[in-house]
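Let the hints inform the model, and build the full structure from the sequences given.
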Amino acid sequence: MDLSWMAWTWPTAIFFITIALLLLAMGAWEYVRPGGGPRVGILGFETTRGDRLFISLLGSAFISLAWLGLLGPPVWGALVVCLIYAVAVFRFA
Amino acid sequence: MEKTQNNKAWLFVLPVLVLVAFSAVIPLMTVVNYSVQDTFGNNVFFWAGLEWYVQVLESERFHAALWRQFLFTGIILSIQIPLGVAVALAMPRKGWGVPVCLVLMALPLLIPWNVVGTIWQIFGRVDIGLLGHTLFNLGIDYNYTQDPLDAWITVVVMDVWHWTSLVVLLCYAGLVSIPEAYYQAAKIDGASRWAVFRYIQLPKMHRVLLIAVLLRFMDSFMIYTEPFVVTGGGPGSATSFLSIDLVKMAIGQFDLGPAAAMSIIYFLIILAVSYVFYTVMTNVGRER
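Taken in sequence, the protein lines are chains R and P.
All residue numbers for the first sequence refer to numbering that gives the first Met the number 0, where the first residue is 0 and numbers rise by one.
All residue numbers for the second sequence refer to numbering that gives the first Met the number 0, where the first residue is 0 and numbers rise by one.
Errors might be hidden in some of the hints.
[Stated by the list, open to error] Just so you have them, the derived chain P footprint on chain R, three or more residues with Cβ under 8 Å:
#1 2-12
#2 56-69
[Said to hold, decoys possible] Just the calculated beta-carbon pair ranges, DEER-fashion:
#3 P/F45 with R/L70: 22 to 28 Å
#4 R/W4 with P/E59: 29 to 35 Å
#5 P/V175 with R/R90: 30 to 36 Å
#6 P/L109 with R/A12: 42 to 48 Å
#7 P/A85 with R/W4: 46 to 52 Å
#8 P/L106 with R/W4: 37 to 43 Å
Since the hints were made in silico from the structure, they are not lab data.
Just so you know, even glycine gets a beta-carbon here, dropped at the ideal spot from N, CA and C.
Below, the structure written as structure tokens:
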């Protein structure tokens, strides 16, 4: 199958593979511990594991954009901030 | 008794997954791929990294279009939601007036977007349009092709005319589902008209209002056809909303890389605001 029209690059492929692996890991987590682990954290409303992943990914996208807009590339620093943010969301949100 | 496990249901989800993959996921992946490369056509690409994102984020043109887009969506929501609720409240609940009102409300929704744009483009013209000519005869200096404020008023009024009916129909559906017993109880308690609205009708309309706000937010934030037909984004760039600016960049200038980067930022903004709207409104509902 010719996928050249999708203009794949290794960095974007790694990015999407990471997202796919995250979704698979969430699926496995749900299989082991069903129910989604709902709880009310510092956000003040109920979140499940899926919600927390979504908030982590969406927030990370904006952190990266803010880093790019304010400081410019490279974005390794933004990646570290995103990871800290994601851990905080999964722990406290 | 142990619950029977049946995983056949997953098979029914498969067609949806395939459909979403082909209509949304694969195109989105392609846009992400384009956003980090440059191309001059012929399927030949050059790695550009995050250059287009930096360019878009620093672009005055993008900031101006984004500001115009938020302003437009804010105006649209602040007019259409209260107006839609008010019209739905005023509509009859029984008798011959119900089908008449429903058909009248549905009419604007049945007209294709480019036709709506053409209707308003002619309607507003000073030389042949009913609205433009009437305003001109009344001594009002109205010209949507030259005056930015007139262009904005025309585009906003056109959108209100086209889409308020959607809010009306959704709210009306919520209102007619309220059992008569609620109103009888309110009458016995001597509740005022405002109290009936505040404590019976508004809570019962909550879910449909959530859908109305989300749909109107997303639609107005992605608006393209109607303003493009009426004003073409002008005068100058006064009504160049994000989607108009995006199409100019992608097709007019063939800057596919920056346009793809702008699309991703645009998509993330819509996703984030929709999520916030959804979360806030569903949680307000739960608290009630």
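List of violated hint numbers, smallest to largest: Of the numbered hints given earlier, the structure breaks just one, which is hint 5.
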